[in-house]
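Trainee: Those protein sequences? They're chains A and B, same order as listed. Oh and the first sequence: position 94 is 94 in the working numbering, straight run, nothing missing. Oh and the second sequence: position 66 is 369 in the working numbering, straight run, nothing missing.
Just so you know, these hints were derived from the structure itself, not from any lab. Beta carbons: idealized from backbone N, C-alpha and C, even for Gly. Some hints here could point you the wrong way.
Anything over 10 Å on all C-beta distances counts as not near chain A; from chain B, calculated [said to hold, decoys possible]:
{"no.": "1", "residue": "Leu369"}
{"no.": "2", "residue": "Arg384"}
{"no.": "3", "residue": "Trp428"}
{"no.": "4", "residue": "Phe435"}
{"no.": "5", "residue": "Phe446"}
{"no.": "6", "residue": "Val474"}
{"no.": "7", "residue": "Gly513"}
{"no.": "8", "residue": "Gly515"}
{"no.": "9", "residue": "Arg526"}
{"no.": "10", "residue": "Pro531"}
{"no.": "11", "residue": "Val564"}
{"no.": "12", "residue": "Ser583"}
Residues of chain A placed beyond 12 Å of chain B at every Cβ, according to the derived structure [said to hold, decoys possible]:
{"no.": "13", "residue": "Leu34"}
{"no.": "14", "residue": "Ser59"}
{"no.": "15", "residue": "Val105"}
{"no.": "16", "residue": "Asn129"}
{"no.": "17", "residue": "Ile193"}
{"no.": "18", "residue": "Pro228"}
{"no.": "19", "residue": "Ile255"}
{"no.": "20", "residue": "Val273"}
{"no.": "21", "residue": "Thr282"}
Ranges of calculated distance between the beta carbons of each label pair, as one might list FRET restraints [stated by the list, open to error]:
{"no.": "22", "chain 1": "A", "residue 1": "Pro58", "chain 2": "B", "residue 2": "Arg309", "range": "29 to 39 Å"}
{"no.": "23", "chain 1": "A", "residue 1": "His18", "chain 2": "B", "residue 2": "Ser434", "range": "11 to 21 Å"}
{"no.": "24", "chain 1": "B", "residue 1": "Pro472", "chain 2": "A", "residue 2": "Arg119", "range": "44 to 54 Å"}
{"no.": "25", "chain 1": "A", "residue 1": "Arg119", "chain 2": "B", "residue 2": "Leu366", "range": "54 to 64 Å"}
{"no.": "26", "chain 1": "A", "residue 1": "Gly200", "chain 2": "B", "residue 2": "Ser360", "range": "53 to 63 Å"}
{"no.": "27", "chain 1": "B", "residue 1": "Trp462", "chain 2": "A", "residue 2": "Gly277", "range": "37 to 47 Å"}
{"no.": "28", "chain 1": "B", "residue 1": "Gln555", "chain 2": "A", "residue 2": "Asp122", "range": "51 to 61 Å"}
{"no.": "29", "chain 1": "B", "residue 1": "Met507", "chain 2": "A", "residue 2": "His18", "range": "23 to 33 Å"}
{"no.": "30", "chain 1": "A", "residue 1": "Arg146", "chain 2": "B", "residue 2": "Gly362", "range": "43 to 53 Å"}
Here are the chains, one letter per residue:
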Amino acid sequence: MRESPSTPARRAWSRFRHNRAALVGAVLLGLILLGVLLGPTLLGIDPNQASETPFAPPSGAHWFGTDIHGRDLFARSLVGARISLLVGLTGAAVSVLIGVTWGLVAAYTGGRTDAWMMRTVDVLYALPNIIFVMLVIGLTETHLVRGLQSVAPGLAGSARLFLLFACLGAVSWLNMARIVRGQVLSLRHRPFILASQVLGAPASFILRRHLLPNVTGIIIVYATLTVPAVILYESFLSFLGLGIRPPDASLGTLIEDGARQLNPIQIRWWLLVFPAGLLASTLLALHHIGDGLRDAFDPRSES
Amino acid sequence: MNLLRRLLLVPLLVWIVATLAFFLMRAAPGGPFDRERAPASKEVEAALKARYHLDESLGRQYLRFLAGLATGDLGPSFKYRHHSVNDILAQALPVSLTLGWLAFGTALGIGIPAGFLGAVYRGRWPDWGGSFLVLAGVCIPTFVLAPLLVLFFSLKLGWLPVALWGSLPQVLLPTFALGLYFAARVSRLLREGLSETLRAPFIMTARAKGLGEFQLLLRHALRPSLLPVISYCGPMLADLLTGSFVIERVFQIPGTGAFFVNSFFSRDYPMMVGLVIVYSALLLLLNLATDLAYRWLDPRVRHA
């Protein structure tokens with residue numbers, strides 16, 4: 001039998017497999033995904049169904065207890081985590097798209113264009129981007145709702161969600177652009193790129209065929225680390241009342257609800273502790289996977 | 304030279320951002336007096352608009368705004384009728400900035416020793432402590448930590464006050480809640496940096512020449528390892544300043560956070576634009592200061 005060829009991707013995968021923390025993260029994330037995707041259906045509980053028992057502590061009937069309207073917190077947490085993950089993944093995807101394009105073009109073009117593009121990144125980095133998010137949401141939401149109502153009425157309720165995808169992606173790409181640019185700068189003058197240029201390959205071909213595959217590893221790593229960052233940002237916005245709207249929930253809005261119920265007379269800890277715990281485990285899992293991938297793709301960790 | 308150019312660029316950028324905010328706010332649907340105590344008659348609305356010059360053309364309003372800006376006057380608040388934006392900022396900004404600086408101090412005060420010990424005692428118990436800190440910081444965001452701290456220390460144990468701002472016990476929880484995440488990031492950066500420095504040839508040389516461990520670590524190894532921390536300070540300060548909104552909300556601290564969110568929702572144009580101006584200027588200057596500190600610490604950049 002022939003030994004399978006040792007490609008960089010294969011070696012990376014083998015390193016990832018031997019990283020205990022990363023594996024624990026992957027398993028944890030798998031469990032969360034499974035629960036989030038199948039849980040609400042299997043449970044058969046409507047997360048928005050009010051009942052006669054508000055503020056019931058955790059019990060056999062309501063594993064995480066109930067909230068102010070008597071809604072089952074377990075079902076709400078799962079659905080909320082689903083929204084949070086959806087926003088995190090889509091926002092990260094948007095940020096990868098912008099960041100990679102920006103970094104590639106800046107590094108490959110070089111010169112004045114590069115300087116201006118990176119200067120823009122520096123300036124954006126130094127500005128409070130929450131203002132941008134607030135303004136874009138405020139400016140476009142009514143238009144978007146109206147537009148969606150005429151095209152696809154079923155989606156009009158999700159207008160805020162689509163805006164969050166776009167806005168969170170649009171404020172999270174700066175690091176990615178810097179990293180990709182740095183990588184491409186170091187690759188740009190390598191002999192194989194020069195050879196391709198001498199052979200008359202157009203810039204778009206070189207970017208796509210030679211540069212992009214060489215930065216894929218690092219893009220995957222930082223995309224993985226962007227997901228928890230976007231989830232955090234969404235929760236932060238939801239906490240301030242700028243994110244997901246009721247009756248829909250994300251982990252951020254659930255935590256905000258829980259925090260608002262904090263009072264010295266009656267401690268309803270479950271409202272805060274369970275959504276917070278779910279958010280913490282999701283972030284933990286994603287971080288461990290991201291760290292594991294970084295070590296796996298780092299050529300210096302070759303042993 | 305380059306620094307001077309960047310310093311001169313700050314007012315220009317602030318002006319661009321302020322202009323953007325000025326027009327974007329006015330383009331947002333709804334107006335500042337929509338939620339006037341109903342029924343707001345046409346006359347009342349017209350009178351209000353006339354009083355705040357909102358009946359003028361956009362161009363004239365902008366010129367009026369620029370003229371005010373030139374004299375340092377940010378205009379009246381539409382929501383808090385008897386206060387000017389300057390008054391409100393003069394009251395709220397020091398509170399937010401104090402919270403920000405205290406949290407900054409906490410982040411460095413906890414993060415640097417933790418990262419230092421983690422790198423020096425790599426793989427032993429101080430390193431474990433540091434790893435735990437990083438883990439906690441990474442997966443317990445500020446807005447989760449803050450209510451949890453209130454739940455435990457204020458409600459359960461009753462040691463510290465639940466909210467408000469001013470006395471030392473009131474300052475402790477918010478500062479810690481805001482600073483922990485950044486302490487974790489700082490400790491991680493320093494640990495990685497110092498671990499790498501300790502493997503560098505010049506450290507081996509210093510050791511071979513018989514330099515004491517204490518001198519070696521503090522004088523030779525620490526300084527270059529602090530560079531990643533310094534360059535992180537810029538984004539950290541930006542995150543601290545906006546991150547404090549959540550903390551202010553949880554602890555009901557009278558800072559700028561509430562004004563930020565409210566002025567947007569109530570279309571309080573001058574308040575919002577004023578906040579945008581102050582915050583962008585602050586952040587741009589702080590980033591500049593970060594770069595200066597970096598230059599001062601890194602001889603390669605200093606002598607380049």
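Trainee: Evaluate each hint against the coordinates.
Mentor: Hint by hint, here is what the structure shows:
Under the 10 Å C-beta cut-off, the non-interface status given to B:Leu369 relative to chain A holds; the minimum distance is some 20 Å. A cut-off of 10 Å between C-beta atoms confirms that B:Arg384 is not in contact with chain A; the least separation is 22 Å. For B:Trp428, the non-interface assignment is confirmed: its Cβ lies about 18 Å from the closest Cβ of chain A, beyond the 10 Å cut-off. With a least beta-carbon separation of about 12 Å from chain A, B:Phe435 lies farther than 10 Å from that chain, consistent with its non-interface assignment.
The beta carbon of B:Phe446 sits about 5 Å from the closest Cβ of chain A, which is not more than 10 Å, so the claim that it is off the interface is violated. B:Val474, annotated as away from the interface, keeps every beta carbon of chain A farther than 10 Å; the closest lies near 19 Å. Once the 10 Å rule is applied to beta carbons, B:Gly513 is consistent with being away from chain A; the minimum gap is 31 Å. Taking the minimum C-beta to C-beta distance to chain A, about 31 Å, the non-interface status of B:Gly515 holds against the 10 Å cut.
Every CB of chain A is more than 10 Å from the CB of B:Arg526 (nearest about 24 Å), matching its label as outside the interface. Every CB of chain A lies more than 10 Å from the CB of B:Pro531, the least distance being 14 Å, so the non-interface label holds. Against the 10 Å criterion, B:Val564 falls within the reach of chain A, whose nearest CB is about 6 Å from its own CB. Against chain A, the non-interface label of B:Ser583 is violated: not every CB pair exceeds 10 Å, the least being about 5 Å.
Every beta carbon of chain B lies more than 12 Å from that of A:Leu34, the smallest distance being close to 20 Å; the non-interface claim holds. The beta carbon of A:Ser59 is kept farther than 12 Å from every beta carbon of chain B, the shortest such distance being approximately 20 Å. Against the 12 Å criterion, A:Val105 stays outside the reach of chain B, whose nearest CB is about 23 Å from its own CB. Not every C-beta of chain B lies more than 12 Å from that of A:Asn129, the closest at about 8 Å, which undercuts listing it as non-interface.
No beta-carbon of chain B is positioned within 12 Å of the beta-carbon of A:Ile193; the least distance is around 27 Å. The Cβ of A:Pro228 sits about 8 Å from the closest Cβ of chain B, inside the 12 Å cut-off, so the non-interface label is violated. Look at A:Ile255: its CB is around 6 Å from the nearest CB on chain B, not clear of 12 Å, so calling it non-interface is violated. Distance check for A:Val273 against chain B: the nearest CB is about 8 Å away, which does not clear 12 Å, and the non-interface claim fails.
A Cβ of chain B approaches the Cβ of A:Thr282 within 12 Å, the least distance being about 8 Å, so the stated non-interface status is violated. Between A:Pro58 and B:Arg309 the C-beta distance comes to about 55 Å, which lies outside the given range of 29 to 39 Å. Remark: the range hint 11 to 21 Å for A:His18 to B:Ser434 is upheld by a beta-carbon distance near 19 Å. Checked against the given bound of 44 to 54 Å, the beta carbons of B:Pro472 and A:Arg119, roughly 45 Å apart, stay inside it.
Distance hint for A:Arg119 and B:Leu366: a CB-CB separation of about 29 Å, inconsistent with the stated range 54 to 64 Å. Our hint of 53 to 63 Å for A:Gly200 and B:Ser360 holds, since their Cβ atoms are close to 57 Å apart. Roughly 24 Å separates the CB atoms of B:Trp462 and A:Gly277, a value that falls outside the hinted 37 to 47 Å. Remark: the range hint 51 to 61 Å for B:Gln555 to A:Asp122 is contradicted by a beta-carbon distance near 36 Å.
For B:Met507 paired with A:His18, a C-beta distance near 30 Å keeps the hint of 23 to 33 Å intact. The hint said 43 to 53 Å for the Cβ distance between A:Arg146 and B:Gly362, and at roughly 28 Å that hint is violated.
Going through the hint list in order, the structure does not satisfy hints 5, 11, 12, 16, 18, 19, 20, 21, 22, 25, 27, 28, 30.
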